[in-house]
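Construct the complete structure from the given sequences, taking the supplied hints into account.
Taken in order, these protein sequences are the chains called A and B.
If you read the first sequence in our numbering, its first letter stands for residue 1, the second for the next number, and so on.
If you read the second sequence in our numbering, its first letter stands for residue 1, the second for the next number, and so on.
Since the hints were derived computationally from the structure, they do not count as laboratory data.
Where is the CB? At the ideal position from N, CA and C, for every residue including glycine.
Any given hint could be a false lead.
Claimed, not checked - Partial chain A-side listing against chain B, Cβ under 8 Å, derived:
| hint | residue |
| --- | --- |
| 1 | P5 |
| 2 | W44 |
| 3 | Y218 |
| 4 | Y238 |
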Amino acid sequence: MKRNPYRTQKIAFAILFASTVLIVLPVGFIIIFIIQNGWKAISWEFLTAMPKMGMRAGGIFPAIVGTLYLVFGTMIFSIPLGILSAIYLTEYAKDNGLTRLVKLAIINLAGVPSVVYGLFGLGVFVLFLKFGASILAGSLTLAIMVLPIIITTSKEALDSVPQSFREVSLSLGATKWQTIRYSVLPHALPGILTGVILGISRAAGETAPILFTVAAFYLPKLPNSIFEQVMALPYHLYVISTQVPNVKIETRYGTALVLLVLVLTMNLMAIIVRSHFRKMKKW
Amino acid sequence: MLRRQITLKAIKEFIIEKAIYLSGLTSIIIVLLIFIFLAKEGFAIFKTASIKEFLFGEKWYPISTPPKFGILPLILGSFYVTIGAALISVPIGIASAVYIAEVAPPRTKEILKSGIELLAAIPSVVLGFIGMMTLVPFVKKVFHIPTGLTAFSGAVMLAFMAMPTIVSIAEDALNAVPRKYKEAALALGATRWQAIWRVVLRAASSGIMAAVMLGIGRVVGETMAVMMITGNAAKIPHSIFEPVRTLTATIAAEMGETVQGSDHYYALFAIGIVLFFITFIINLIADFALHRRKT
Numbered sequence: 001m002k003r004n005p006y007r008t009q010k011i012a013f014a015i016l017f018a019s020t021v022l023i024v025l026p027v028g029f030i031i032i033f034i035i036q037n038g039w040k041a042i043s044w045e046f047l048t049a050m051p052k053m054g055m056r057a058g059g060i061f062p063a064i065v066g067t068l069y070l071v072f073g074t075m076i077f078s079i080p081l082g083i084l085s086a087i088y089l090t091e092y093a094k095d096n097g098l099t100r101l102v103k104l105a106i107i108n109l110a111g112v113p114s115v116v117y118g119l120f121g122l123g124v125f126v127l128f129l130k131f132g133a134s135i136l137a138g139s140l141t142l143a144i145m146v147l148p149i150i151i152t153t154s155k156e157a158l159d160s161v162p163q164s165f166r167e168v169s170l171s172l173g174a175t176k177w178q179t180i181r182y183s184v185l186p187h188a189l190p191g192i193l194t195g196v197i198l199g200i201s202r203a204a205g206e207t208a209p210i211l212f213t214v215a216a217f218y219l220p221k222l223p224n225s226i227f228e229q230v231m232a233l234p235y236h237l238y239v240i241s242t243q244v245p246n247v248k249i250e251t252r253y254g255t256a257l258v259l260l261v262l263v264l265t266m267n268l269m270a271i272i273v274r275s276h277f278r279k280m281k282k283w
Numbered sequence: 001m002l003r004r005q006i007t008l009k010a011i012k013e014f015i016i017e018k019a020i021y022l023s024g025l026t027s028i029i030i031v032l033l034i035f036i037f038l039a040k041e042g043f044a045i046f047k048t049a050s051i052k053e054f055l056f057g058e059k060w061y062p063i064s065t066p067p068k069f070g071i072l073p074l075i076l077g078s079f080y081v082t083i084g085a086a087l088i089s090v091p092i093g094i095a096s097a098v099y100i101a102e103v104a105p106p107r108t109k110e111i112l113k114s115g116i117e118l119l120a121a122i123p124s125v126v127l128g129f130i131g132m133m134t135l136v137p138f139v140k141k142v143f144h145i146p147t148g149l150t151a152f153s154g155a156v157m158l159a160f161m162a163m164p165t166i167v168s169i170a171e172d173a174l175n176a177v178p179r180k181y182k183e184a185a186l187a188l189g190a191t192r193w194q195a196i197w198r199v200v201l202r203a204a205s206s207g208i209m210a211a212v213m214l215g216i217g218r219v220v221g222e223t224m225a226v227m228m229i230t231g232n233a234a235k236i237p238h239s240i241f242e243p244v245r246t247l248t249a250t251i252a253a254e255m256g257e258t259v260q261g262s263d264h265y266y267a268l269f270a271i272g273i274v275l276f277f278i279t280f281i282i283n284l285i286a287d288f289a290l291h292r293r294k295t
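Encoded structure:
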């Protein structure tokens, strides 16, 4: 009997579709599950009070504040460095061995496990530079971790600006930097912004790099300087779900929900910026 | 007056360009620094344990006296979880990339892509938490085993985390195949599926290979979810339904309790070196596969 190729196609497409559903459906399920179980814990007190009774009662305010501090610190270090580095690669780097080495380094950085960044942060910032476990050490570690994300996406954004834009500006007598500043960067900005937001949202949700560089197990107060430890949302979720017995289930789901909302809001912002950019693109 | 303005501008430009050059080199400097610091802290362990004892020793008892620093159980733990996750995520991931790139209508495509992006955005500690709450009890009940905290649970959860990487990179590879390949196949009377299976997939194979490698790299380096759901038993596993402990989880779980400068502390940094090399090689292979595609 001869096989009917159209029936084979039908079966094949059904399998492909089923595989996709197998990935996407659980995502929706996870998010709905967390919202359903977590919203009961959410109250004004939960968001703005200090934890009490060894984290079994009270709120998660210091963890929220800690994560915001870390996000802010990460931005300060990673954004300028990442964007300048991308500008170097697209506008200045010549096609030589050094450039190849820089690209290889970025690829390698993107693949380094987050816990190894944690070790690096511990070795360099906490011990060698004697920052101690602190906001400063944690922010620097996270900044280095997100650097490859910011560089790669910014580079793509800069590469997508047509070469003619640069040529016109240079032919009018503008210097190289003026050309980059006024004819290239403005057009690449939305793409760069998308990458920056995605990188930062990654920093907000990571746990392993902050384990030994900043995160405090239980510290019911706000930090006074960048040389102090803070609590952080992802580490707090880890602690109350594995290290502390008898924490109410709602408290755990509530913490997961707050973290999820924070990270997904950032990602949503990135998606909006990107789709807006696509509509505006004129060339 | 005019000249002063010009020189000021020239100085400003000079400084900016130097800053750009320096930033361009940071990536290299950071990679070197990571290696130097891991080596500085990690190689000290080889004064107490030989490289062979460290890599192939079957016992990881870092705090007993005398301590034993054999990381074979941890390597096997990582290996089991990684292989399990790859077996699940590679076929499903590639199938879904093909569906999104070649079959899905445009609107469905956008929805599916955002769904997968959403998955990539969920922090690993949240996925680990959900795994603890749902998957772990489920595995325990279905397979009638004393604990659901096993290599198998870890593999399932990690497969899920590797999929966004595999799908998005494989999809890029499929989109990069010139349209005329497919059109030529269709013009010769092939069905859409035959064109995809025999022409497009083959043309995209090295890009798909890169996607698989990067997905595996993600799995090897994953820390929090693994630590929360694989049971953390540092002994040589005999089946995937036993608790294991991975290289990453060992560092994360034990570093907090070590004393700086102790053998245990050095041993954990040495594990960091091992991880650094594994991911370095995986990324190198992926990069090689991607570049072969372009030429």
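Indices of hints not satisfied (ascending): 2, 3
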